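Let the hints inform the model, and build the full structure from the sequences given.
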Amino acid sequence: MPGYEVTESRLRCVLPFEAAPAEVRLLRRAAVQQLSRWGMPVVADEAELLVAELATNVVKHVGEGTSATLILERRAECLRLEVHDKSSVIPVIREAGCGDECGRGLHLLAAMAVAWGTVVTAAGKAVWCEIPLNGGRSCRRIERAVEALENYEGAARGLGQHGRGREVSLVESAVELIADLLHWTSARGHDPDDILDRAQMHYEAESEAA
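Counting from 1, one number per residue, gives the positions in the sequence shown under the UniProt record's numbering.
FYI, nobody ran anything at the bench for these hints, they're computed from the structure.
These figures come from a predicted structure and were not determined experimentally.
Please note that the accuracy of each hint is not assured.
Pairwise CB distance ranges (calculated) [unchecked claim]: (1) 151 <-> 56: 19 to 29 Å; (2) 179 <-> 204: 13 to 23 Å; (3) 180 <-> 60: 28 to 38 Å.
Each computed DSSO-like pair below joins lysine-lysine, with the alpha-carbon atoms no more than 30 Å apart [what the hints assert, rightly or not]: (4) 125 <-> 86; (5) 60 <-> 125; (6) 60 <-> 86.
Note that the Cβ used here is the ideal one computed from N, Cα and C, for glycine as well.
Dropping the structure here:
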């Protein structure tokens, strides 16, 4: 049964699960329901996607049928997601172009979370991430952006980096990708400034509505 506690204004929920595709779907639903009870619907979509990626990594890399635990915890202005499993093998972000075994979920985790990492525990390890409660970002758009940047960078662009280095690499690639799109726009007779203005207006309208 899920555990629930409130300590010094900190909300915490413990959700044990079995590493299996059907259980991952139930876990996603349980996480969204818990966030709704806590009054955090703005991050529900983003958290649901990250929970799915974290739990799926257990299925793929630890083994289907193994036991694991998801912990949801509010920390100040962030929501922390932790998945504990019984394997001591630390996941590593590898280069793009080698399929799911490279840890696509970790690429997504690094791009969406304000912080993430792994911790060795007495029973195995924990993979955690934190997302802002006031972000209001569209996780589906972020997921598409990550896929586009990974494809753009290619296998030799330093995708094996971690932490801050990984973020810097993605930012540089985003700038280059935008520049290439502006060249593409200009070559077809459109005004690059007009495209940028329209994109900015679209982004601001969605941010205000979130």
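Looking back at the hints listed earlier, which ones does the structure fail to meet? none
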